[in-house]
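Starting from the known structure of chain A, fit chain B onto it as the hints suggest.
Protein sequences, first through last, are from chains A and B. Each residue of the first sequence is one higher than the last, beginning at 1 in UniProt numbering. Each residue of the second sequence is one higher than the last, beginning at 1 in UniProt numbering.
Put simply, identical chains are the same to the list, so a pair is met inside one copy or across any two.
Heads up, simulated DSS-like pairs for lysine-lysine below, C-alpha to C-alpha not over 30 Å straight-line:
#1 59 to 156
#2 23 to 91
#3 186 to 135
#4 77 to 197
#5 186 to 119
#6 197 to 61
#7 78 to 91
#8 78 to 119
#9 215 to 59
#10 157 to 91
#11 61 to 119
#12 157 to 23
#13 141 to 61
#14 186 to 132
#15 77 to 200
#16 23 to 210
#17 157 to 78
#18 156 to 61
Honestly, the hints are just simulated from the structure, not real lab data.
So you can see what is in the structure, the chains are spelled out below.
2 protein chains.
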Amino acid sequence: MIRLNRQCQLLSAPELKIMPTYKLTYFPTKGVAEPIRFILSYGGVDFVDDRFNREDWPKLKPSMLFGQVPILEVDGKKINQSTAISRYLAKQFGIAGRNEWEALEIDAIVATIDDFRSKIAAWHYETDEATKKRKEGPLFKETIPFYLENLDAQVKKNGGYFVGGALSWADLLFVAMLDYINFMAKTDVIGKYENLKQLKTKVLDLPKIKAWVEKRPHSDS
Amino acid sequence: MIRLNRQCQLLSAPELKIMPTYKLTYFPTKGVAEPIRFILSYGGVDFVDDRFNREDWPKLKPSMLFGQVPILEVDGKKINQSTAISRYLAKQFGIAGRNEWEALEIDAIVATIDDFRSKIAAWHYETDEATKKRKEGPLFKETIPFYLENLDAQVKKNGGYFVGGALSWADLLFVAMLDYINFMAKTDVIGKYENLKQLKTKVLDLPKIKAWVEKRPHSDS
Numbered sequence: 001m002i003r004l005n006r007q008c009q010l011l012s013a014p015e016l017k018i019m020p021t022y023k024l025t026y027f028p029t030k031g032v033a034e035p036i037r038f039i040l041s042y043g044g045v046d047f048v049d050d051r052f053n054r055e056d057w058p059k060l061k062p063s064m065l066f067g068q069v070p071i072l073e074v075d076g077k078k079i080n081q082s083t084a085i086s087r088y089l090a091k092q093f094g095i096a097g098r099n100e101w102e103a104l105e106i107d108a109i110v111a112t113i114d115d116f117r118s119k120i121a122a123w124h125y126e127t128d129e130a131t132k133k134r135k136e137g138p139l140f141k142e143t144i145p146f147y148l149e150n151l152d153a154q155v156k157k158n159g160g161y162f163v164g165g166a167l168s169w170a171d172l173l174f175v176a177m178l179d180y181i182n183f184m185a186k187t188d189v190i191g192k193y194e195n196l197k198q199l200k201t202k203v204l205d206l207p208k209i210k211a212w213v214e215k216r217p218h219s220d221s
Numbered sequence: 001m002i003r004l005n006r007q008c009q010l011l012s013a014p015e016l017k018i019m020p021t022y023k024l025t026y027f028p029t030k031g032v033a034e035p036i037r038f039i040l041s042y043g044g045v046d047f048v049d050d051r052f053n054r055e056d057w058p059k060l061k062p063s064m065l066f067g068q069v070p071i072l073e074v075d076g077k078k079i080n081q082s083t084a085i086s087r088y089l090a091k092q093f094g095i096a097g098r099n100e101w102e103a104l105e106i107d108a109i110v111a112t113i114d115d116f117r118s119k120i121a122a123w124h125y126e127t128d129e130a131t132k133k134r135k136e137g138p139l140f141k142e143t144i145p146f147y148l149e150n151l152d153a154q155v156k157k158n159g160g161y162f163v164g165g166a167l168s169w170a171d172l173l174f175v176a177m178l179d180y181i182n183f184m185a186k187t188d189v190i191g192k193y194e195n196l197k198q199l200k201t202k203v204l205d206l207p208k209i210k211a212w213v214e215k216r217p218h219s220d221s
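Chain A with its partners taken away, still in its complex shape:
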């Protein structure tokens, strides 16, 4: 059933779309900032890619929100937390789900990818050699294969993307993070996972992502 509204509607003037200015501050690496750089590039917006020298970090750290980077400045307003920033930008560029359930599915898989990265990072950054050695077996024989099998199966089930058969920021985030994950794990983790490999190719073939990857400064991690 449909009702007719008899009152005439007031519409605001066509909004003048003024593009915000973006500045992203991080180490001179991909790390956890690369998903943000991928999403900004996908969105086709210019951003200041502010990379500081590692030796300046102790001096800079106290001035950062919660002592952390990446920090994104949007028209001068600062915010921390890489995944939160990625989600915010993804919503603006229309890659955060076509409905609330898809937005949830994307958030869930992103959180899972974050868990996966964190488990590898916990091993990689462990400073005690005996502890590191002890963690190595379970990580490489159980944890990493478990996550990759499940991630690969999810991409297969969803038509070549993590959610809903369409590109979302979960796909960009995963592919953007791969170099850092591989650097920490010292191996190409997706080597034998066909669906994840195809996803990687598909994302890196997006013209705006391709252009970003070609022009970004070199870094190992």
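Relative to the frame of chain A, chain B by itself:
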């Protein structure tokens, strides 16, 4: 400038709001599921609070998405990842920010609270006694005070809430998680932080949260 729309608008019939059915599956504890229970309670919706016995976990784990709980079922559709679930519900109950920037600020502080919890959990669940001992000093003397001072300052700066001078799911999540954090840390972590203490009181005084806390099953963690 304002334009007048000359076409009359079609409005859909008042939507018949059919409340979805919710079922939350988790250990018989607060843990990382309690924020979801708080948010569902705040939203005033009924949910099945499905708690399994600890000894059944090995049997149940393989059937869970990514081997994890909590799992929320919404009209039978299952999803994992506690923070993603909390955000999804919070949006429906109008406590996920009044604009996109606030949504981002809420996401950022939630991610920070998650980091804080994870750092305490990494120590609490460490099985190697020597490693645990080594981590204890830095955790309790540096990490915990650093986070709490910054969290307290943020609540002070934002009129008694984490974001925008108004209740959001970040506030519910923090207070819901406190019992679990205190259980792991073996101390009342917010003891000397006045703004966080006031926030806790304020949240626990919300009638629907009060009712939930009174009726929930007892658990230590």
